[in-house]
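Chains A and B, in that order, are what the protein sequence lines are.
For what it's worth, this note's numbering labels the leading residue of the first sequence as 16, then goes sequentially.
For what it's worth, this note's numbering labels the leading residue of the second sequence as 134, then goes sequentially.
Worth double-checking, as some hints may not be accurate.
Below, in silico cross-link-like pairs of lysine-lysine (DSS-like), each with a Cα-Cα straight-line distance of 25 Å or less [said to hold, decoys possible]: (1) A/Lys376 / A/Lys345; (2) B/Lys295 / A/Lys201; (3) A/Lys191 / A/Lys87; (4) A/Lys201 / B/Lys187; (5) B/Lys260 / B/Lys244; (6) B/Lys244 / B/Lys367; (7) A/Lys191 / B/Lys172; (8) B/Lys444 / B/Lys367; (9) A/Lys87 / B/Lys172; (10) A/Lys345 / B/Lys187; (11) A/Lys345 / B/Lys172; (12) A/Lys219 / A/Lys285; (13) B/Lys260 / B/Lys250; (14) B/Lys295 / B/Lys264; (15) A/Lys141 / A/Lys191; (16) A/Lys141 / A/Lys131; (17) B/Lys444 / B/Lys407; (18) A/Lys131 / A/Lys191.
In short, the hints are calculated from the structure, not lab data.
The primary structure of each chain is shown beneath.
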Amino acid sequence: MTNEEFRMTKETRILNDEPAAAPARIHSSFVIRHSALLFLLVSLPVFAETPRPTLPLDQRTNGRDTLVAIEKLRPLTTACTARVESPLGRAICTATIVGEDGYVLTKASEVPDLAKTRVHFADGRKADLREVHRDTALDLVLAQAVGITGLRAVSFGAARPLTMGQWLCSVANSAKETRIGIVSAKPRRIPGTGAALGIRMAEKADEATKGVRIIGIASESPAEAAGLHEGDVILAIAGELVDQFRRVHDLVNKRQPGDIVDVRFLRHEKEETCRVRLASRTKVLQNWEGEDFANGGISLRSDNFPQILQHDIPLFPADMGGPVATLEGKVVGINIARVDRVTTFALPVEAFWTDAQLWIKADRHPPKAVLAE
Amino acid sequence: MHPLCSSFARRAATALVVLQTVAGYSLAAGGSEKGPVPKADIATLLRVQSDVQKLLPQVRPALVAIQSGGGTASGVIISADGLLLTAAHVPGAPGKDMRVILEDGSVTTAKSLGLDKTTDAALGQLKARTKPWPFVNLSREVVKAQPGEWCFALGHPGGFDKARGPVLRVGKIIKQTANSLHTDCVLMGGDSGGPLFNFNGEVIGIHSQIWEGRDQNVHVSMAPFLRSWDAMQKSQVIRVWGVGSGGYLGVATVMSDDVELEVADVIDGSPAQKAGVRMGDVILSVNGDAMTDQQQFTATVRARAAGDTLKIKLRTSGKERELSVQLAQRPEEEEGQ
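For reference, chain B alone in the conformation it holds in the complex (with noise of 0.2 Å):
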């Protein structure tokens, strides 16, 4: 069972009332900028219809359809041997098999890997085949990108459909966030997933989300994908926001009256338990760098994929000892390092 739709319709409205309100204010602050205006003649529109048109072939067969967890969904596939970007609602968590639609009606199959949950961004790994897959190329220069720039997004809105399709939408560049593209390619259901290319054909962006106004689509743009690249292809899933991936320790730690960093306590089955942490050791140092305050030793953990190796050094009743320690996945709901 998926989640319907009463409950669910009004999730959507809470999140539309709260995007209003951002809505407003960004109006606002470009209504108030005056700059030189370029304005559109019909050469610029057939210059726009030619480069999508040459385009559109090259790009359409790296569209495909998901269907995953009794959604349907879209996605993109960027290299030879089957790495698929698709938005992290889509699979909703690594390992997860989707049922995939290549552009001629071909069905294959798809396992997620990493996902960010920040941002929305997710990688997916199709069955192997000998043929090589189609693909496209993705930006890395999409910080890059300026408002009022032309691109074009593709998917299957609503779902596979045969006779109909992969959708085409035009448009423009409305803004760029640090982890999104807002464009008034114009998205629905079934989008989520689908890619948003410049006009060198490469992807800037994943279909996300959108408002209720038709300019607010909201596309994850490359910068996340990039930035959470090996830990997306790691299968971690990340959850913090500008700390990595957020590996996971298991102490938590207080400040003694000598001013050192202090385990307090050490979860149950966790890493640090397992590598034989215990209460009451001194944290001196991770990988060779002295520990000296909560936050740092904090950020120093998060800022370490799970799967990495952390050397750490501790005093156990005046004693030194070093130890190997391997980050877990963060479970959800836990705080503590």
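If we strip away everything but chain A, and leave its shape as in the complex, we get (with noise of 0.2 Å):
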């Protein structure tokens, strides 16, 4: 009972019935073995005798010569998908366009601050964003290309229908290109498991200090990204003086993956502050020693989402906020989190949809009754 990972880590114990600590369950028994690698070495020479001839990229699922298939989709895919960028080009995320009149939906916790990205048309046009709502819920944010007019904006269809097995196509790859896939299990709703930042802490506040000290970091988490070090000394969470690690814990908890905290810490007796970007606590755990089999990472919040479909198309974090679509060109979602190396999540329509035009629809005719003091 000594750090701020503990409850989770228990709870993925009692449920899978197994004496270890949670990160080795995703890997469980397979991949990472000894005799995996010995197998390995046995069959280097069998390939080498005897060549037997393999698939070329081109033919494979996902490969040009199968993905001509869907071209004729692109009008109703890419055409209505933009990029979110930062200042510097580098993708974020995806938009999916909602309106001709710049409106677009993304996925909120990769862009908790709008103000400091841009969005890139297909057509070449580029946009600041300004934010009209935003749903922590959903981990969708409503936002509008300033100054832009005469998108194509996605047509919507029933997500409710989609059975197991239905092909899919998403937009991948900053939104140039096209993926496919299928409905890969129910759809269903996705607990949350709260934040975390990725840190083990003594159990003990630190004698001189009144802090509580880092006594491990995990890879890739969102400690390391802001640059704790274990030894740093943290002192308050979001302007809140911290004495001890379940205070870090509540603190850290009850806010959602992709918000940013600030962290003030003490190194080498020298006060020091940093921000943070939360992420999924199932996420953090999951990988803590930096082993991301999901080969391309996965998103800061891949959880606690009302109604989720799931998908095996191959996306990337930066795909989230794109479009999924039948092959008839009818968008049937937005992909939300990328999950693990077999799993995207996307949230059908009927989930936001109602409630997105309503935002959409107040922000076009703000009311009109209030007067000017």
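Please assemble the complex out of the two chains, which come individually in their own frames, going by the hints.
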């Protein structure tokens, strides 16, 4: 009972009825086995002696020759999508166009501050984004590209009739390409596990400083990304003083993945401050040692959704916020989280579109009766 | 305790590097082949979809989740009396108890039978029940499967999750080796032991390994399962590639001055010692076949499974005699016949 991450670890242990800590679960008895390595080494000469035909890249499930099948859908997919990028042009996430006058939806936790982003449309136009409405429960943000009109909005279709094994296509690679995959599991609610920094903390408060000492940092965690080190002593989180690990845990856990908190800490007797962008507790714990077998990373927030549609389209975290459509070109959802090597979650259209239309309407037609004082 | 992450990750990294080299080689080979390139259209994709959706309800009940040795994996039932296919690294050894979860969440147990450690194939047996088990057939013609054919994978990636259910992947066969199929059905931990199906709804592979690329998913093909079926049903462990189960006799031989096969050593406690083979004996024949050199003798013994009985003709101090020896499991790290 020494640290922030304890609770989740214990839960996982009970759920899986296994004696060791959480990170082992995901890799279970797969892949990373001594025997696997031996097998590979033994197999090498076999490969070399008897070359066998290999399917060229172009002919694979997401190769060029297969994807020509959905080329006709481009006006309904990539053309209705934009790329959200940093001022320097780095892709942050993807936006789905929902109004010809510049309205777009994207993944909220990827863009905590829209003022620091630009939107880049398929026709080459770029614009600033004005935040219209942010919905934390759905992890969606509605924004308007400033001064942009004449866009093509997606055409939505119902997600409820989708069945397992049905083809879907998604916009990928900074809104430039499309990829196919299938509905791969049951639609469902994804419970939340809270946010985490990715640190282990000393059980007892630091005598001299009355802070909480960091005794371990998870690889590729929010804490590591923010530059926190083992041995740093946390003094305050979001302006609130902390003197025991439980307090740190409570302050962090009540926030959402993607939220930014200021952490004041002591290093070599000098006070410093850093900003940390929190991630899903599940993500941090499963990847404590940094073994990211998603091959391309997973989203900061990958849980706590009221309803999702699961598919196996090979995407990356920066593709989130983009549309997922049927082979008729009807958009049935917005990709909301890259979860692991085999899983992407999309918010089905029924989960957000009624609300989103109201947000757009309210923004286009603000109430007129309010008079200035 | 099962091995945990840090040392694990390093090992995995080594494996990945090794494999990337191979992948690069194969891709180059594939890319240089020019032939008619079949392009897909929506109709092709929709046909794939309707086939998968028709087969899914038939094959899904045979998929199981397996909890064994602290890890979670998958498996598939292939007979009404509850024979189970999985990957050898799931149970790790014969006679292991495995907790098995069916699609509806009901829990039962299974025991591992034999396994082929050289190819990662394993057989298990579900606890007997009066009602027949839901099962799928396995393909006996997997060697005919060609790169480019569509296939689909089922499994419980990350472990059993009732709300989510089994996870489906649809993809293509990328290549076939003597013992494995490679596909772009993307797999991850927990899928191990789960089935890969062809479009007749037959099992063609069992999920085994992944490498770093999303197209690098390896399944044990049915070929080694069929080859080693009898040995695996007898709960034997196959450790030596290509020479059967490597039955264990427990003698070391030399070629004598008279160019005869002479017993140089008999290992304590081995089947040979128990049957009365002694140092200095000359081996004349095994099951009626004259033994003329060490390689022939080695191959003859290793071609037999543990549990098989050999009739060995010997000459001891000028007198010929015959004895029967029942071969045992080869002890780990032990050489000699």
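Tested hints:
{"no.": "1", "hint": "A/Lys376 / A/Lys345", "verdict": "22 Å, holds"}
{"no.": "2", "hint": "B/Lys295 / A/Lys201", "verdict": "10 Å, holds"}
{"no.": "3", "hint": "A/Lys191 / A/Lys87", "verdict": "14 Å, holds"}
{"no.": "4", "hint": "A/Lys201 / B/Lys187", "verdict": "17 Å, holds"}
{"no.": "5", "hint": "B/Lys260 / B/Lys244", "verdict": "8 Å, holds"}
{"no.": "6", "hint": "B/Lys244 / B/Lys367", "verdict": "13 Å, holds"}
{"no.": "7", "hint": "A/Lys191 / B/Lys172", "verdict": "21 Å, holds"}
{"no.": "8", "hint": "B/Lys444 / B/Lys367", "verdict": "21 Å, holds"}
{"no.": "9", "hint": "A/Lys87 / B/Lys172", "verdict": "14 Å, holds"}
{"no.": "10", "hint": "A/Lys345 / B/Lys187", "verdict": "23 Å, holds"}
{"no.": "11", "hint": "A/Lys345 / B/Lys172", "verdict": "23 Å, holds"}
{"no.": "12", "hint": "A/Lys219 / A/Lys285", "verdict": "21 Å, holds"}
{"no.": "13", "hint": "B/Lys260 / B/Lys250", "verdict": "24 Å, holds"}
{"no.": "14", "hint": "B/Lys295 / B/Lys264", "verdict": "23 Å, holds"}
{"no.": "15", "hint": "A/Lys141 / A/Lys191", "verdict": "15 Å, holds"}
{"no.": "16", "hint": "A/Lys141 / A/Lys131", "verdict": "14 Å, holds"}
{"no.": "17", "hint": "B/Lys444 / B/Lys407", "verdict": "14 Å, holds"}
{"no.": "18", "hint": "A/Lys131 / A/Lys191", "verdict": "22 Å, holds"}
Hint violations for this structure: none, all hints satisfied.
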